[in-house]
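Engineer: Sequence:
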Amino acid sequence: MIASAERNGKSPSWNVVELASCFELQNGVNFSAEQKGSGLLVIDVLNMYSDDLFVRTDKLYRVDIKVPEDRLLRPGDVLFVRSSVKESGVGWPAIFRGHEEPVTNCGFLIRARQTAPKLDPRFFVHYLRQSHVRAQMISRAGKVAITNINQERLGSLKIPLPPLAEQRRIAEVLDRAEALRAKRRAALGQLDSLTQSLFLDLFGDPILNPRKWPQEKLETFFHFRTGKLDSNAAVASGQYPFFTCSRDDFRIDTFAFDCQALLLAGNNASADYSVKHYKASSTPTSAPTSSHSETSAIRMTMLASYWSTASAN
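Quick note on the numbering used here: the sequence shown kicks off at 592 and runs consecutively.
Calculated from the structure, these hints are not laboratory results.
Please note: incorrect hints may appear among the correct ones.
[Unchecked claim] With a cut-off of at most 35 Å between alpha-carbon atoms, the simulated DSBU-like pairs for lysine-lysine come out as follows:
{"#": "1", "residue 1": "Lys734", "residue 2": "Lys803"}
{"#": "2", "residue 1": "Lys650", "residue 2": "Lys808"}
{"#": "3", "residue 1": "Lys627", "residue 2": "Lys734"}
{"#": "4", "residue 1": "Lys749", "residue 2": "Lys808"}
{"#": "5", "residue 1": "Lys709", "residue 2": "Lys808"}
{"#": "6", "residue 1": "Lys677", "residue 2": "Lys734"}
{"#": "7", "residue 1": "Lys657", "residue 2": "Lys709"}
{"#": "8", "residue 1": "Lys734", "residue 2": "Lys657"}
{"#": "9", "residue 1": "Lys870", "residue 2": "Lys734"}
{"#": "10", "residue 1": "Lys627", "residue 2": "Lys677"}
{"#": "11", "residue 1": "Lys803", "residue 2": "Lys749"}
In this text the structure is predicted, and so the values were computed from the model without any measurement.
All chains should be modelled from the sequences, with the hints used to inform the complete structure.
Structural biologist: So, in structure tokens, the structure goes:
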């Protein structure tokens with residue numbers, strides 16, 4: 592919704608500003624492992640990923656540390672992942688909605704505190720989670736052992752600044768859409784579990800192989816090829832789907848194949864090796880299209896179910 596308005600030029604009155612002109616950026620606090628256990632509640636990277644726009648506060652840990660008042664989080668603060676083992680995780684935003692106890696954030700996160708008066712954090716998090724904006728964010732990150740983004744690079748990101756009433760209207764529409772997507776993800780998750788259960792009922796555990804069926808290597812049936820590009824190659828409005836190890840999909844203007852294929856995530860910090868099924872368009876001259884869900888790895892074939900079940904074990 593936001594992206595289409597930008598690309599179609601339907602928002603000429605919207606100002607475009609740097610993120611740092613609207614938010615004060617501050618790195619989180621650092622501490623040692625020995626300080627964990629009691630004390631102040633701390634938000635970590637793992638708390639950043641939820642089914643909505645907000646930081647998860649149900650599994651916070653405590654650290655024996657004292658911080659100044661201005662380092663405690665306030666409702667409406669936006670947090671960004673500063674350092675991530677997964678490239679796709681860097682720069683991920685979420686809103687802190689508040690807590691009954693004082694809370695701060697760890698050094699792997701950057702806190703953005705609103706300085707401009709006419710801002711709705713929900714609008715900005717919706718905007719910043721769009722795939723083309725995520726691709727921009729990731730392209731600004733530095734890569735060594737882990738992927739990092741600093742305050743300067745984050746603060747220079749350009750964001751649209753529509754009137755506050757328009758921000759709220761867009762946020763409310765996208766909130767409703769996100770709620771529907773969450774329900775759909777839950778339903779797909781149940782179907783996925785059902786698929787794996789049916790697979791186990793029919794064929795047994797693929798690792799234990801209780802039926803003693805003959806086994807073959809996947810290379811007997813498939814030609815394997817490793818991708819050469821990472822998410823930095825993504826193009827905001829590219830013609831073709833672009834798959835990385837992230838569960839999110841990007842776009843690109845060139846394609847590497849146009850045949851039916853399984854895509855296996857081979858580099859994943861959480862060991863969540865998702866399987867995606869790609870089915871090319873029936874018309875050779877048209878752009879390939881993806882038959883998988885935008886947020887879930889749908890197991891379209893029995894082999895995909897097998898792979899998923901085996902990975903889970």
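Engineer: If you test the structure against every hint from before, which numbers come out violated?
Structural biologist: 1, 2, 4, 5, 11
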